[in-house]
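Could you put together the complete structure from these sequences and hints?
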Amino acid sequence: MKKQILIAALSLGAIALGTDHVRAQNSEHVTKSVNIILSDVIAMDIGTVASGGTVDFNYLNTTDYNSSKNVTVPNSLVIISSKNFDVKVKSEGTHFVSGANAIPVDVLQVKAIPGGSLMGTMNEVTLSTTDQVLVSNASSGAKQSLNIAYSISAEKASKVLLGKPQGTYTQKITYTATAL
Numbered sequence: 131m132k133k134q135i136l137i138a139a140l141s142l143g144a145i146a147l148g149t150d151h152v153r154a155q156n157s158e159h160v161t162k163s164v165n166i167i168l169s170d171v172i173a174m175d176i177g178t179v180a181s182g183g184t185v186d187f188n189y190l191n192t193t194d195y196n197s198s199k200n201v202t203v204p205n206s207l208v209i210i211s212s213k214n215f216d217v218k219v220k221s222e223g224t225h226f227v228s229g230a231n232a233i234p235v236d237v238l239q240v241k242a243i244p245g246g247s248l249m250g251t252m253n254e255v256t257l258s259t260t261d262q263v264l265v266s267n268a269s270s271g272a273k274q275s276l277n278i279a280y281s282i283s284a285e286k287a288s289k290v291l292l293g294k295p296q297g298t299y300t301q302k303i304t305y306t307a308t309a310l
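Whatever position you read off the sequence shown (first residue = 1), add 130 for this note's numbering.
If you are wondering where the hints come from, they were derived from the structure by calculation, not from laboratory data. Accuracy of the hints is not assured; some may be wrong.
Claimed, not checked - Straight line, CA to CA, 25 Å or less: simulated PhoX-like cross-link-like pairs of lysine-lysine:
# : residue 1 : residue 2
1 : K241      : K199
2 : K218      : K199
3 : K199      : K213
4 : K294      : K220
5 : K286      : K273
6 : K213      : K273
7 : K220      : K199
8 : K241      : K302
Stated by the list, open to error - What follows is a list of derived Cβ distance ranges for each label pair:
#  : residue 1 : residue 2 : range
9  : S288      : N214      : 35 to 45 Å
10 : D261      : V171      : 17 to 27 Å
11 : S288      : M249      : 35 to 45 Å
12 : K162      : S258      : 50 to 60 Å
13 : A173      : N267      : 13 to 23 Å
14 : L168      : E254      : 50 to 60 Å
15 : G223      : I166      : 17 to 27 Å
16 : S288      : L168      : 47 to 57 Å
17 : D261      : K162      : 19 to 29 Å
It should be emphasised that the depicted structure is a prediction, and the values quoted were computed from it without experimental measurement. By construction, the Cβ of each residue, glycine as well, lies at the ideal position given by its N, Cα and C atoms.
What follows is the structure, encoded as structure tokens:
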């Protein structure tokens, strides 16, 4: 009987030592590093656009030439930026052109207006070929929309537009978002 007790004790000891050995293999640890690599980004897309990307001012009668005209484009631009930024605007040329006929670009006012999700200091500028700050110190963020209002005053309509030959006068306007 002593022999059976000794065999049982040795068997239990072997099992216990084997179990500890298996546990040591199952508890081995490996450490990995995970990196998140960020880059500064800034991008701008056209949001909701009037007439397929065109803003139209129609002067059809005497009332039109004696009145201010305003065209508001909600969500005109959609911007993503990892830093605060400015939005600038300029025309590509000095005149709206229809064939050989021209109207100076300073007939048009461009204004950033509240209502979109973009936050910053909103400005109104007279269009020119020089970059002008339309929104300053806009906050970083994703899918921020900017509402833009375009206007021609009654004074400019009656003094600059009236008397020009009929036609569609066109000029391209460029918006630029620049990280601060």
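Hints, verified against the model:
no., hint, in the structure
1, K241 x K199, "holds (13 Å)"
2, K218 x K199, "holds (23 Å)"
3, K199 x K213, "violated (35 Å)"
4, K294 x K220, "holds (24 Å)"
5, K286 x K273, "violated (35 Å)"
6, K213 x K273, "holds (13 Å)"
7, K220 x K199, "holds (20 Å)"
8, K241 x K302, "holds (16 Å)"
9, S288 x N214: 35 to 45 Å, "holds (41 Å)"
10, D261 x V171: 17 to 27 Å, "holds (21 Å)"
11, S288 x M249: 35 to 45 Å, "holds (37 Å)"
12, K162 x S258: 50 to 60 Å, "holds (56 Å)"
13, A173 x N267: 13 to 23 Å, "holds (18 Å)"
14, L168 x E254: 50 to 60 Å, "violated (35 Å)"
15, G223 x I166: 17 to 27 Å, "violated (45 Å)"
16, S288 x L168: 47 to 57 Å, "holds (54 Å)"
17, D261 x K162: 19 to 29 Å, "violated (47 Å)"
Checked against the numbered hints given earlier, the structure breaks hints 3, 5, 14, 15, 17 and satisfies all the rest.
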